[in-house]
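2 protein chains.
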Amino acid sequence: MTGEIPHRDTLERIVGVLRKNKDILILEHEKPDGDSIGSGLALAMALSSLGKKAILLSQDPHPAMYDFLPGRHLHTTVSCIEPEDVDPGVTVFVDCTGPDRAGKALSYARSETWINLDHHVSNSGFGQISLVDLDAAATGELVFFLLKLMGAGINLDIATCLYVALVTDTGGFRYQNTTPRCFHVAAELIDKGVNPSQVADQLYEARSFSSLMLLKNALHTLEVYKNGQLASIDVTRAMLEDSGASLEDADSVVNYPRSIAGVEVALCFKESLDQTAVHLSLRSRSKVDVSKIAGLLGGGGHPRAAGAVIEGTFEQAKARVFGVLDGLEIWTDS
Amino acid sequence: MTGEIPHRDTLERIVGVLRKNKDILILEHEKPDGDSIGSGLALAMALSSLGKKAILLSQDPHPAMYDFLPGRHLHTTVSCIEPEDVDPGVTVFVDCTGPDRAGKALSYARSETWINLDHHVSNSGFGQISLVDLDAAATGELVFFLLKLMGAGINLDIATCLYVALVTDTGGFRYQNTTPRCFHVAAELIDKGVNPSQVADQLYEARSFSSLMLLKNALHTLEVYKNGQLASIDVTRAMLEDSGASLEDADSVVNYPRSIAGVEVALCFKESLDQTAVHLSLRSRSKVDVSKIAGLLGGGGHPRAAGAVIEGTFEQAKARVFGVLDGLEIWTDS
Numbered sequence: 159m160t161g162e163i164p165h166r167d168t169l170e171r172i173v174g175v176l177r178k179n180k181d182i183l184i185l186e187h188e189k190p191d192g193d194s195i196g197s198g199l200a201l202a203m204a205l206s207s208l209g210k211k212a213i214l215l216s217q218d219p220h221p222a223m224y225d226f227l228p229g230r231h232l233h234t235t236v237s238c239i240e241p242e243d244v245d246p247g248v249t250v251f252v253d254c255t256g257p258d259r260a261g262k263a264l265s266y267a268r269s270e271t272w273i274n275l276d277h278h279v280s281n282s283g284f285g286q287i288s289l290v291d292l293d294a295a296a297t298g299e300l301v302f303f304l305l306k307l308m309g310a311g312i313n314l315d316i317a318t319c320l321y322v323a324l325v326t327d328t329g330g331f332r333y334q335n336t337t338p339r340c341f342h343v344a345a346e347l348i349d350k351g352v353n354p355s356q357v358a359d360q361l362y363e364a365r366s367f368s369s370l371m372l373l374k375n376a377l378h379t380l381e382v383y384k385n386g387q388l389a390s391i392d393v394t395r396a397m398l399e400d401s402g403a404s405l406e407d408a409d410s411v412v413n414y415p416r417s418i419a420g421v422e423v424a425l426c427f428k429e430s431l432d433q434t435a436v437h438l439s440l441r442s443r444s445k446v447d448v449s450k451i452a453g454l455l456g457g458g459g460h461p462r463a464a465g466a467v468i469e470g471t472f473e474q475a476k477a478r479v480f481g482v483l484d485g486l487e488i489w490t491d492s
Numbered sequence: 159m160t161g162e163i164p165h166r167d168t169l170e171r172i173v174g175v176l177r178k179n180k181d182i183l184i185l186e187h188e189k190p191d192g193d194s195i196g197s198g199l200a201l202a203m204a205l206s207s208l209g210k211k212a213i214l215l216s217q218d219p220h221p222a223m224y225d226f227l228p229g230r231h232l233h234t235t236v237s238c239i240e241p242e243d244v245d246p247g248v249t250v251f252v253d254c255t256g257p258d259r260a261g262k263a264l265s266y267a268r269s270e271t272w273i274n275l276d277h278h279v280s281n282s283g284f285g286q287i288s289l290v291d292l293d294a295a296a297t298g299e300l301v302f303f304l305l306k307l308m309g310a311g312i313n314l315d316i317a318t319c320l321y322v323a324l325v326t327d328t329g330g331f332r333y334q335n336t337t338p339r340c341f342h343v344a345a346e347l348i349d350k351g352v353n354p355s356q357v358a359d360q361l362y363e364a365r366s367f368s369s370l371m372l373l374k375n376a377l378h379t380l381e382v383y384k385n386g387q388l389a390s391i392d393v394t395r396a397m398l399e400d401s402g403a404s405l406e407d408a409d410s411v412v413n414y415p416r417s418i419a420g421v422e423v424a425l426c427f428k429e430s431l432d433q434t435a436v437h438l439s440l441r442s443r444s445k446v447d448v449s450k451i452a453g454l455l456g457g458g459g460h461p462r463a464a465g466a467v468i469e470g471t472f473e474q475a476k477a478r479v480f481g482v483l484d485g486l487e488i489w490t491d492s
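In order, the protein sequences belong to chains D and W.
When you line the first sequence up against my numbering, it's residues 159 to 492, in that order.
When you line the second sequence up against my numbering, it's residues 159 to 492, in that order.
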């Protein structure tokens, strides 16, 4: 099935531009995730193997859980290199809904041509060449087809990075974006030698003891409302201090209220370190568009995963959020 | 790749026997899991579609998390039917290491011919026809090839059951038994219309509130030993009562010590309801064969997942287990 290459015309235009240029800058989004990192590293390694000078750049460093990925020598952050030291012929944005998503790395994109590779519905369609495929489970899926068309050999290193892009953006083949095409691409990557259990161990089985202590503390606050359709959990600054867990560890806590049978909307309230605001994470199972709820609170995101930052104390922020939720006509009686 | 059918000769012999017989009994193992249930339901539905009278039988009922699977009208338990009411021409054991694994359902297997479909290294090789493939991620993988060879159409219902067999026995494509072949089979099943996110929601995102309360209580006992290579967690009878969780809920608790970075061996001590014994679950990451440790304690299992029942109070059982573990030369200094 992966013999059929989607978006062949656009991908051929991209291949043409990449072939013509020697210096290629690849930009990840701020706080890069597995898809941005995996896509970026795979593209950078493939271009290097074709004799190009490829630099992968991000505003923020890669989280430690991705340290096992190959190709890190091609990645740098804005704190390690000056804009004047980069002179790209073309810039490729991976997994960025708009140029601003590259954050401080944007000022390095001084090329005339910008290529936009993404799969988010909110992508602005920027760039001289824009390929935004809402059916792609991950931007890594588009990079996979790009490399096939470019004739860049997908070796084990490149395949591992693309597999990580797929597996992280589909939550381990569990989210609604997990399509047959994504599964066929994954199967092809595994045929290149990717070890799914080793990758899963690196991504999902390398928790810190303190992250489990944070979970223990947070579970004490788990509550269910609205006939079991809404569940909420708190992460306070005191919990972070008591457990020694990191802010990154707090990101996964919202998965627990989300995992309860019957829960459609899950909330996680995270107190800011200066205790002047609360970061709200919203998740939904299948029906409610939580990006709209986040919008009412000054935030945004995806239909199934969104967020907002709410000024005030923990109690004030929770009261405001529950006030908004109470006013929505999304809760059924049974 | 799934065009190549492995074990073609043995599978053709099985197809021949199944074609010749009208009444076919399929036996699951005691306390059936997703592989035994998914394999059994898929085989029963396929045989029914070919005009056979197929009964899927188990000693114990299916856990509620599998209620969403189709084909349940073909399944029954020993409490609902007498041995005399079953007169099979052939009996197929799915996912059973030996005939005794069928438990009380074994007395229904009054056919001359037994077919043994399994993937466990400890399978005794019983049956007139025995197909034990250690490279199969799940018995469901063997049923998939059997149905292809038999010319039984793999419709969406059958594909869903086989996908559940694969996804549960590989821990969501995370365990070491996740092979390229397993991934290609999964991709083919998804092409039949299986919805991976719906299946994952049913299997992994339908926890009870009380199971999370049990987890919270158990996390208070989480401890790490041996330079971080060993982690242990307790589930006491009091925790089950306090949380209202089921014994089934306790089964997944061992995944938490197992998930800590650097931990090679994980233990979960579960107090028996009559408080006269302790059920020990053992897991390992990649090196230690925990079935050997379980063997020293009178139990058994797989290299990466094993168990034992230890007589005595909680304190006595833990002292005995740590005594055995202290004597092993598997711990490194760094």
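There's no promise every hint is true.
Simulated crosslink set (DSS-like; lysine-lysine; CA at most 30 Å straight-line) [to be verified]:
| no. | chain 1 | residue 1 | chain 2 | residue 2 |
| --- | --- | --- | --- | --- |
| 1 | W | K306 | W | K384 |
| 2 | D | K306 | W | K262 |
| 3 | W | K178 | D | K445 |
| 4 | D | K384 | D | K445 |
| 5 | W | K350 | W | K384 |
| 6 | W | K178 | D | K350 |
| 7 | D | K178 | D | K350 |
| 8 | D | K189 | D | K450 |
| 9 | W | K450 | W | K350 |
| 10 | D | K350 | W | K180 |
| 11 | D | K306 | D | K445 |
| 12 | W | K189 | W | K384 |
| 13 | W | K306 | W | K350 |
| 14 | D | K262 | D | K384 |
| 15 | W | K189 | D | K350 |
Estimated spans, in silico, between C-beta atoms of each pair [as the list claims (entries may be wrong)]:
| no. | chain 1 | residue 1 | chain 2 | residue 2 | range |
| --- | --- | --- | --- | --- | --- |
| 16 | W | G209 | D | R171 | 35 to 41 Å |
| 17 | W | C238 | D | A419 | 34 to 40 Å |
| 18 | W | V173 | D | D225 | 47 to 53 Å |
Calculated from the structure, these hints are not laboratory results.
Don't be surprised by glycine CBs; every beta carbon is placed ideally from N, CA and C.
Hint by hint, here is what the structure shows:
1. W:K306 with W:K384: 49 Å, violated
2. D:K306 with W:K262: Distance ~55 Å between D:K306 and W:K262 Cα, so the pair is violated.
3. W:K178 with D:K445: 49 Å, violated
4. D:K384 with D:K445: Given that 30 Å is the threshold and the Cα spacing comes to 15 Å, the pair holds.
5. W:K350 with W:K384: 48 Å, violated
6. W:K178 with D:K350: Cα-Cα ~42 Å, so violated.
7. D:K178 with D:K350: 28 Å, holds
8. D:K189 with D:K450: Holds, at about 23 Å.
9. W:K450 with W:K350: 41 Å, violated
10. D:K350 with W:K180: 44 Å, violated
11. D:K306 with D:K445: Violated, at about 36 Å.
12. W:K189 with W:K384: Violated - the C-alpha atoms of W:K384 and W:K189 are around 34 Å apart, more than 30 Å.
13. W:K306 with W:K350: Holds, at about 13 Å.
14. D:K262 with D:K384: Violated, at roughly 42 Å.
15. W:K189 with D:K350: 38 Å, violated
16. W:G209 with D:R171: 35 to 41 Å: With a Cβ separation near 56 Å, W:G209 and D:R171 fall outside 35 to 41 Å, so the hint is violated.
17. W:C238 with D:A419: 34 to 40 Å: 26 Å, violated
18. W:V173 with D:D225: 47 to 53 Å: 50 Å, holds
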